[in-house]
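Chains as they are written, first to last, in my numbering: chain P, 15 to 593; chain X, 357 to 525; chain E, 30 to 508.
Incorrect hints may have been included.
[Claimed, not checked] Here are the simulated distance ranges between beta carbons:
| # | chain 1 | residue 1 | chain 2 | residue 2 | range |
| --- | --- | --- | --- | --- | --- |
| 1 | X | Arg473 | P | Gly43 | 38 to 48 angstroms |
| 2 | E | Gly286 | P | Ala391 | 27 to 37 angstroms |
| 3 | E | Leu59 | P | Thr121 | 27 to 37 angstroms |
| 4 | E | Arg408 | P | Pro208 | 28 to 38 angstroms |
| 5 | P | Gly459 | E | Leu445 | 32 to 42 angstroms |
Derived by calculation from the structure, the hints in this document are not laboratory data.
Small disclaimer: the values here were computed from a predicted structure and weren't measured.
By construction, the Cβ of each residue, glycine as well, lies at the ideal position given by its N, Cα and C atoms.
Below are the chains, spelled out letter by letter.
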Amino acid sequence: MTALGGTGADRSRILRVSGPLVEIRCPAGVAMHDLIALGADRLPGEVVAIRGDRATVQAYEYTGGLAPGHIAEPLGTPLSVRLAPDLLGGVFDGLLRPLADSGDLLTTGGPATAASAGPSWPFTPRVARGSRVAAGAVLGEIGGRVPLRLLVPPGLAGEVGWVAPTGGHASDAVLAEVGGREVRMAQRWPVRRPRPVARRLPANAPLNTGQRAVDLLFPVARGSTVAVPGGFGTGKTMLLQQIAKWCDADVIVYVGCGERGNEMADVIEELGELTDPRGGGRLAERTVTIANTSNMPMMAREASVHTGATVAEYFRDMGLDVVLIADSTSRWAEALREFASRMGELPAEEGYPAGLASRLAAFYERAAAVRTLGGAAGSVTVIGAVSPPGGDRTEPVTAHTERVVRCLWSLDRELAYARHYPAVSWSESFSRDATVLGTAHARAGDPGWAERRGRVARQLASADRLADLVELVGSTALPPRERIDVLAGRLLREAVIQQNALSPADAYSTPGKTTALVEAALTVIDRCLELVDAGTAVDAVEAVDFTPLLRARETAAPAETAPVTAARDTVLARLEEAA
Amino acid sequence: MSAPPDSLDPVRAELLRAARASADAVLERARADAGAVLREARATADAVLARARQLGTADAAAGAARERTGAAQDAWAAELAARGEVYDALRDAVRAGVRRALAEDPDARSAVTAAAREALGPGARVTATAAGDVSAELSGRRVDLSADALADRALERLGVRAETLWEPP
Amino acid sequence: MTASPPDGGVTRGGGTTGPVPVEFTGVRELRGPLVVVEGVSGVGWDEFATIVLDSGERRHGLVLEVDGDLAVVQVLEDTAGMNRAGTRVAFSGSPLRIPVGTGWLGRVCNGRGEAADGGPPVLGAASAAVGGAPINPVRREPPDEPVLTGVGALDVLTTLVRGQKLPVFSAAGLPHLELAVQIAAQATCGGEPFAVVFAGMGLTHADVAFVRDGLAARSAARELALFVNTADDPVIERMLTPRLALTVAEHLAFTEGRHVLVVMTDMTAYAEALREVSAARGEIPARRAYPGYLYSDLASLYERCGRIRGRPGSVTVLPVLTMPAGDITHPVPDLTGYITEGQIVLSADVQASGVGPPLDPLASLSRLMRKGTGPGRTRADHPALAAQLIAALARSRQVADLADLVGRSALSPADLAHLELADAFRRRFLAQGTDENRPLEDSLDRAWEVLLTLPRSQLGMIPADLLDAHAPAADEGAR
């Protein structure tokens, strides 16, 4: 890990310690963002300011016992992580150190960054010795559940001097030599520097999350950005976990940033047990989990979102679609605030540093659909949870985030209290990707997509508007068509929008099943309207038993449509009886 | 015998032996008291319970249970108080022993003075009272080597072994 | 103070003993709870310090910052009466550690861990740092077994699960302390080794007497460790009290193999202490002048709950807090809610109806309940029964609102049945004496009794076979 080694000349001394803020005498040659090993335990820290001969270091671990006069050794490199295929299925801390290598309790010094021997990975070369390759070119394919590739690292080009033969190789083996330099399966990359791409592409392909409330009303494109604000108890983490489990990306990077330990344990266990609906295997095998719970060192939270983005970009560069989930960006922002405050920076709103907005924007900017250096198409979609204090959406983190993201899935406390999950509010959420995705759906053979979405949104809005009136005068005072509108709102909410995360059939929904459910509900609603228009008593229509339709989402498997159609027909038949 | 706390080791052992003897007596008495309380309570409880059975009311049974819990609480409180007393007696004995050692043994005294100089450096200003309490000071730093401080540190290092005073070894 | 050296308070054999502790006398500044000492060397951040006053009085503190030869020490007992000339500060060489072990059981201590029951200091063969160490997320065992409290409404509707953190949200004037004591006195884990660690912060003397009295039996049974910081004790000391409690609890759980319930009350008083220190340090305040790190600080306490793979025992945390002016968006309840796994809410409205404990069943939620209830854990009918009862109560509340607007006469029979259910719920189910330890079987049966005030057609969430088994035989015309 050390680049400069432990020669006395490079060593420095600690001058001041205040929690995670450590000041050291700054030796010449130390640069911003360089790593420093602090004290006898060599706690990792990063240079965040240099003034005169003093450098300010942000320590990533608990600094108890660290004293002025202790050794501080500059390591000469910025904070970097080891990127390798074996990240898949692993659980790491904020600095991407494997947690499996640590004991029951996390003590300072942390787990080793050194790679464990690990299993061997099947490698098939795709270039011949002597061929000329540029950065991003595919040197070979790495087998496994997710199709991985060995690429020429950014900044390297030249003649292939040697390439490993087909067969199993350890993840730290040298697999090729390009331009006289070794290329290993595992590579290092500084977390704060976005990995280079050939160019950005428009984000216009839908990411199917499997959650109807989102896919139907507020869809997100691959390479786009989403913020999920929600007070406590609104089911934020539950929704993000569902998406981590069931969305149709190739790789999921799940960053638990300052959240609950039991919840992390739960998601780790579930991912290890659930089968991937796309091609079998365990869901864990396509997931990289970064677990930095709320009681783990606060400053590692700050690094963890960048670590996650770097891992996501690494897989993106292989031509994969990656979803990066950060729960919660508010806790990350709190770490920024904490450190800025110790640095004595001038505070802006609510004590946050003035640079908060640009830091947030820079993070979300790491999302993109791209043409990789090697010419493949890949994407990183960023979904960030936001935890507004007191549910106050005007607070700085929520307000700044809303401005930079393309989609907002706002979680509503009223819906959550009514046990309506996922509690995505249809009045307070938005998707700026909806139009372009409507075109994409039309091109893919579903020209009715945009119209269906509009109809559902209108129907829900009109039911909401009428709900206020019903509370005042009772539903019986409404005209027949409006009473059916109220009924329509209920049918759409309960038969389509709500989703039971605990039911294996309903935990996720394919586009086909979602469409079938929407069409069934709309057909029934249309028939109700026709009946009252034709003179059937509203009471009779309202008294019809709609339960088969309401239960269809749980009776039909995630990719099934036939039970939905059958339920629709049963209800239509009952309506005819009532007519 | 270089550092003063060490010179206290035999003192401490002797004190612990002596303290144990007196502790046993105190505890004996406390346990006998507690035992009597418990026996009495059980007798009362049994009587209440018998009456309860006679009357066949649940209320009285609850009363008996309360009686018994109350007795257990009283017995535990008495036991704790006895242990506290024993511990205080031990501390007093250790303090007195160290004071005596410092007052009567010139070697112990010079060892303490040497330790003070070692801690603060040769320039330290050492003060000693007639009772043998030693302290030393040098530019903003000070060491307390009074008999009480030495005794308390010895006791602190004794740690959990002090529990042998009230628990069978 | 029961602080002990890192080696666990046991004398090292042979001739080597610790160096003579050096006291520093260069007090440069005294400000609020802070003392700045100059001329120090080798003092590390977060070290524990002992402060000796002119009078010989000893106080205790933590190092908040070290800068060159300056150390900023936060004094737990406050700086009142301290002067620059006669104050000496000694540093322990490590963050605060305390002895741990079963010696704490049956003991009553003050907020700094000193005996307050007439007994000797609490000693232990091992010691542990009060700051604790985070449990490795991959070594955590997801909680899935219940802690039974003997409080029917909690056990049935908001089941506490071993390893969970579930706070009680209350307000001034509500009987949260009574509830906390009742839970602490009655809780069990199905006959497995159990213990309660109770940390009181900012309690009045009357409260302390109430707590000691209510838990005396548990204490005498050596199943309770009690730490109490009273309202007139030093405010800053409160920052230590919950950490002592959790350190003792972790050892009892993960080394001694007990299931440990940690009750911490009142967390609002704790947060105020945190705010006071923050203000004295001149830190930039966030919401309502609480420090920006309030979330992380609370998490460093609450997250110490859990289970560890391959080890017996568990730590379950029940923080109690009063919402200032009943405001749930206040930073203390709000941030607590973000960290904990649900909440138990006490309501002034229910209290006004004269029924206790005044739980609001709809606002209360135990997020881990699904995993900790059902066959093999509580009873097979429990999850469906609880879900249906909550749904029915939600409907009852809507109906009650409607009845207020349009009058009872306009209600349908089903609506009227729901009003009856709400009434039965309060009288037959919720109402429970503070000394009544209700068995789970009884609580579940009462829940059925309440639910069956509704016609079967209104109980769609309960599977038919369960309904058949519990609906009164007379109705079925069978048996």
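Structure-based check of all given hints:
1. X/Arg473 - P/Gly43: 38 to 48 angstroms: holds (44 angstroms)
2. E/Gly286 - P/Ala391: 27 to 37 angstroms: Taking Cβ atoms as reference, E/Gly286 and P/Ala391 lie about 55 angstroms apart, which means the hint is violated.
3. E/Leu59 - P/Thr121: 27 to 37 angstroms: Since E/Leu59 and P/Thr121 have Cβ atoms about 35 angstroms apart, the given range 27 to 37 angstroms holds.
4. E/Arg408 - P/Pro208: 28 to 38 angstroms: About 55 angstroms separates the Cβ atoms of E/Arg408 and P/Pro208, which means 28 to 38 angstroms is violated.
5. P/Gly459 - E/Leu445: 32 to 42 angstroms: At 53 angstroms between Cβs, range violated.
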